[in-house]
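Chemist: Given next are the chains, with one letter for each unit.
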Amino acid sequence: MTGAVTPGSGLARALLSVGIALVVAAVIMHLSGYDALSGLAALWAGATGLRAGPPQADGQIAFGAGPFTGHLDVYNLAQSLARSTPLLFTGLSVALGLRAGLFNIGAQGQMIAGALAAAVIGGAGGGTLPGPVHLLLVLCAGALAGAAWGAVPGILRATRGVHEVISTILFNYLATNLATYLVTHGLKDPDPRKMAPQTAAIAPTAHLHPWVAGSNLTAGLLLALVAAMGVACLVRRTSAGFQIRAVGQGLEAARAAGISVPGVMVRAMALAGALAGVAGAIEVMGVHHRYVQGLAGTYGFDGIAVALLGGLNGMGVTLSALFFGALSNGAEFMELETNVPRALAVIVQAIVILCVGVRLARRSLARQVVAAVQDSDEDLLEEEHAGR
Amino acid sequence: MSAPTVAELLPDPPPAVRMENITKRFPGVVANRGVHLQVRAGTFHAVIGENGAGKSTLLNILYGRYRPDAGRIFLHGEEVTQELRGPIDAIRHGIGLVSQHHALIPALSLLENVVLGSEPVLPGGVLDWRRAAARIQSLAKQLGLGTLDLSQRAERLSVAAQQKVEILKALYRGARILLLDEPTATLAPQEAEALFALLRGLVQRGTTVVFVTHKLREVMAHSDAVSVLRAGRNAGDFVTRETDERTLLQCMMGARSGSGVAFRVPLTGELEPDPALPVPGMEAAVFRPIRPLSGSPLFQIEHATVRNLRGARAVQDVSLEVGMGEIVGVAGVDGSGQQELAEAIIGLRPMETGRLFLAGVELTRMRVRARQRQGIAYIPEDRHRSGLVLDFDIAENYLLGHEDCEDWGGGWVLKPAVMFRRAAEMVQRYDVRTGFRGVPTPVRDLSGGNQQKVVFARAMESRPRFVVACQPTRGLDVEATRFVYRTLLQARERGAGVLLFSLDLDELLYLSDRVAVMFNGRIVGLLPRDTASAERIGALMTGSAEAMEGAS
Numbered sequence: 000m001t002g003a004v005t006p007g008s009g010l011a012r013a014l015l016s017v018g019i020a021l022v023v024a025a026v027i028m029h030l031s032g033y034d035a036l037s038g039l040a041a042l043w044a045g046a047t048g049l050r051a052g053p054p055q056a057d058g059q060i061a062f063g064a065g066p067f068t069g070h071l072d073v074y075n076l077a078q079s080l081a082r083s084t085p086l087l088f089t090g091l092s093v094a095l096g097l098r099a100g101l102f103n104i105g106a107q108g109q110m111i112a113g114a115l116a117a118a119v120i121g122g123a124g125g126g127t128l129p130g131p132v133h134l135l136l137v138l139c140a141g142a143l144a145g146a147a148w149g150a151v152p153g154i155l156r157a158t159r160g161v162h163e164v165i166s167t168i169l170f171n172y173l174a175t176n177l178a179t180y181l182v183t184h185g186l187k188d189p190d191p192r193k194m195a196p197q198t199a200a201i202a203p204t205a206h207l208h209p210w211v212a213g214s215n216l217t218a219g220l221l222l223a224l225v226a227a228m229g230v231a232c233l234v235r236r237t238s239a240g241f242q243i244r245a246v247g248q249g250l251e252a253a254r255a256a257g258i259s260v261p262g263v264m265v266r267a268m269a270l271a272g273a274l275a276g277v278a279g280a281i282e283v284m285g286v287h288h289r290y291v292q293g294l295a296g297t298y299g300f301d302g303i304a305v306a307l308l309g310g311l312n313g314m315g316v317t318l319s320a321l322f323f324g325a326l327s328n329g330a331e332f333m334e335l336e337t338n339v340p341r342a343l344a345v346i347v348q349a350i351v352i353l354c355v356g357v358r359l360a361r362r363s364l365a366r367q368v369v370a371a372v373q374d375s376d377e378d379l380l381e382e383e384h385a386g387r
Numbered sequence: 000m001s002a003p004t005v006a007e008l009l010p011d012p013p014p015a016v017r018m019e020n021i022t023k024r025f026p027g028v029v030a031n032r033g034v035h036l037q038v039r040a041g042t043f044h045a046v047i048g049e050n051g052a053g054k055s056t057l058l059n060i061l062y063g064r065y066r067p068d069a070g071r072i073f074l075h076g077e078e079v080t081q082e083l084r085g086p087i088d089a090i091r092h093g094i095g096l097v098s099q100h101h102a103l104i105p106a107l108s109l110l111e112n113v114v115l116g117s118e119p120v121l122p123g124g125v126l127d128w129r130r131a132a133a134r135i136q137s138l139a140k141q142l143g144l145g146t147l148d149l150s151q152r153a154e155r156l157s158v159a160a161q162q163k164v165e166i167l168k169a170l171y172r173g174a175r176i177l178l179l180d181e182p183t184a185t186l187a188p189q190e191a192e193a194l195f196a197l198l199r200g201l202v203q204r205g206t207t208v209v210f211v212t213h214k215l216r217e218v219m220a221h222s223d224a225v226s227v228l229r230a231g232r233n234a235g236d237f238v239t240r241e242t243d244e245r246t247l248l249q250c251m252m253g254a255r256s257g258s259g260v261a262f263r264v265p266l267t268g269e270l271e272p273d274p275a276l277p278v279p280g281m282e283a284a285v286f287r288p289i290r291p292l293s294g295s296p297l298f299q300i301e302h303a304t305v306r307n308l309r310g311a312r313a314v315q316d317v318s319l320e321v322g323m324g325e326i327v328g329v330a331g332v333d334g335s336g337q338q339e340l341a342e343a344i345i346g347l348r349p350m351e352t353g354r355l356f357l358a359g360v361e362l363t364r365m366r367v368r369a370r371q372r373q374g375i376a377y378i379p380e381d382r383h384r385s386g387l388v389l390d391f392d393i394a395e396n397y398l399l400g401h402e403d404c405e406d407w408g409g410g411w412v413l414k415p416a417v418m419f420r421r422a423a424e425m426v427q428r429y430d431v432r433t434g435f436r437g438v439p440t441p442v443r444d445l446s447g448g449n450q451q452k453v454v455f456a457r458a459m460e461s462r463p464r465f466v467v468a469c470q471p472t473r474g475l476d477v478e479a480t481r482f483v484y485r486t487l488l489q490a491r492e493r494g495a496g497v498l499l500f501s502l503d504l505d506e507l508l509y510l511s512d513r514v515a516v517m518f519n520g521r522i523v524g525l526l527p528r529d530t531a532s533a534e535r536i537g538a539l540m541t542g543s544a545e546a547m548e549g550a551s
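Those protein sequence lines, which keep their order, are chains X and R.
Numbered by numbering that gives the first Met the number 0, the letters in the first sequence go through residues 0 to 387 in order.
Numbered by numbering that gives the first Met the number 0, the letters in the second sequence go through residues 0 to 551 in order.
Since the hints were derived computationally from the structure, they do not count as laboratory data.
It cannot be assumed that every hint is accurate.
Derived contacts from chain X toward chain R, CB cut-off under 7 Å, selection only [as the list claims (entries may be wrong)]: (1) Thr47; (2) Thr237; (3) Ala245; (4) Gln248; (5) Gly249; (6) Gly257; (7) Pro261; (8) Glu336.
Glycine included, every Cβ here is placed at the ideal spot set by N, Cα and C.
Chain X on its own, in the form it takes in the complex (with noise of 0.2 Å):
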């Protein structure tokens, strides 16, 4: 119907691109002098948790019989997921912006505003507050600071034509720097002997447990993929997502049919933004159990990535959120267990971006997505106008 991936197609090229790379990263391997064979290995236990042999040590399950043992390794399995949870987030927020025809580049910024709303209110109420109140309360400052961060550049866009990509480059610069300014000055750790830049740690109500002791995984796995779901309702089934993506595939068209694109526009930005703010606040709540410099790596960048290999769509999202949560896990398992640098996941990530761009240039979504890069000076002027 629209630029989503066919299920079964594009299920089968993603897999075929991730086949590529993975031959690739062993060659490279190789050719570095180590094991590609062991590396590979490595990368796979770590990513999924699956094993050949019988386990060897606590929590570990086994599974099958005779030369065909294995065991699952729950904690490596559970830091893949977590990984995936700010990738779910931050993807599905990508793909919102350009189902809108908006390229939202701010991920990043709107995650780190909602982290740090999420930190602040987090830390009120000194544990006296009933904990399911104060995690909601929690959640809707992440989501209240993302759809803030998103939705300036939003109104930007549908009043004066500022272009999206640009302001939300902006917009992550100011709140990467306001972040910082904040962790050293104004919400600094009030812990002399801290001398990290990091706010206080948040109330114990405020926190999210993990499922598997000494993971990050919590239950903001199962509120992604609840989000993942919504989005996926918002987008196909409801006027909201249908007026989404009128905007985002005839804007012109839109606009005549009476759309107000404007609102549109900015509504999409603000939800964008609350989906990456309310990944922040997870962060804060399960991870880190405060704001720290740097907690938002490059999630919000990565999203862009999730979203694309995902084909726009949720459940598309979502395994390709997994998948690039459990490939970043495993790099690292790989890491330690082989030396073979972690850097070589990146290099799998890539290519299987190179795949999906190659795929993309002969795909609707293409359109979509250069449409919402390359805006002509003609809308902008139109908008401009409109907005006048």
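Starting from the structure of chain X, add chain R where the hints point.
Modeler: Quick look at chain R alone, frame taken from chain X:
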């Protein structure tokens, strides 16, 4: 009959152009099937046919833009099939093309535009502007264009003047065979006459001119010979003075035309049922009763002034009324403010001054959607950009603009089943040819005529009181054009008002009860049908002063 001259007794020189058995396939369509074209040197040769008959494809093959899948091409008796690999080769063989879309670079001067691609160079790679300018001026004099200001930027020229510069450019590059693709599509009648006079002059001096058109009147008035294409095949070759308009039309339309003027439907009275074209089911659509308002017309725009994108006043102090059951046509050279006026009425463009009323309700401050709910429907000029979301399927496009209407399948949560059912009904009633995929077909994959049917179905099913239709038949073939005419006339029969913007004078004269003529953003004449004529409108369109005196 006088005795044959020496020239007539000599054996015929080889034809300037001979194309044999040309076949060209595009994915999913065969544009040319074994087409022949023979053009005598030094003649004015017309190629006519409906949209999609393969005329432009044939021209583009001759110009080297497309390579034929089969067939041979001869120029002056010499085979060049293998040599025509691109426009550069065609130019080298003395072929020049003036395309439908003007190909000058707006920011460059006339001089730069003309020499672009064949710049005269002095030793050392320095451009020899002086020699180029001298050659262009002498060419212009031969063409009867007088002395040109070559430093002028192309964007400052009118469409007609740009076209002349393109012809000049082709001749500058040594064209002996000049191809023109629908050269008069965007010209006012007087401008078209001037163009033909110029081309006639060229032919007299030995240039061969091949032009593609679907305006039979031009063919009859100016050409020496005519080749007719139908559905990618040859349908006939004629010597112009030995044929007539009716014969050519029948040849163009093939079996579909019983009478000479097949697309004419009766203007008044009951519409005849036509077995070839199921009548769109507007009988089923109940128009909301329009309150009779004593004395006041259905639609009124008063003293409207509208600025265009560049901030210039594109519409100035326009006042117009449209009554119930009336079609008011708006004529004018392209770019006289029609687009801006239509957009202001729809609500897409703010009015600087002026007021709008529909059935006594003031719309001036309403948004697009609110005006639609008051009963305005819009058929935009550019259906690809403004009428449809090409990647949406038929049902989704049908919902567009009604996504908040429960009975269209909209509402907070969409109802795909309702959307599908309505779209399927609409497809059947309006005879949208969807191919095997039916309603889930992306409209991108429909033909132009079927896309326009979707646009019309959506507009008409909203039961409008007032329809603003902009160039509704542009690029459509005869059958789809018939559909459009029929639908507009049916809207009128049922009491809706129609404001019809068109560049096609025949269409305006045929459909309109009154014709308003725009020139430079103003309405310079408002003619009832019985006093309107193409000549009169044409004179007003070009701002002829005496015509204006008579028309006000």
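Chemist: All the hints need checking, so say for each whether the structure fits it.
Modeler: Going through the hints against the structure:
Checking X/Thr47 against chain R: minimum C-beta separation of about 36 Å lies over 7 Å; hint violated. Because the closest C-beta pair between X/Thr237 and chain R is about 6 Å apart, less than 7 Å, the hint holds. Annotation: X/Ala245 was flagged as interfacial toward chain R, and the flag holds, the nearest CB pair being 6 Å apart, inside 7 Å. Satisfaction of the interface hint for X/Gln248 is found here, the shortest Cβ-Cβ separation to chain R being roughly 5 Å, below the 7 Å cut-off.
The criterion of a C-beta within 7 Å of any C-beta in chain R is met by X/Gly249, whose closest approach is roughly 3 Å, and the hint holds. For X/Gly257, the suggested interface contact is upheld, since its CB lies about 3 Å from the closest CB of chain R, less than 7 Å. Because the closest C-beta pair between X/Pro261 and chain R is about 11 Å apart, greater than 7 Å, the hint is violated. With a least beta-carbon distance of about 47 Å to chain R, the hint placing X/Glu336 at the interface is violated under the 7 Å criterion.
When the structure is compared with the earlier hints, violations turn up for hints 1, 7 and 8 and for no others.
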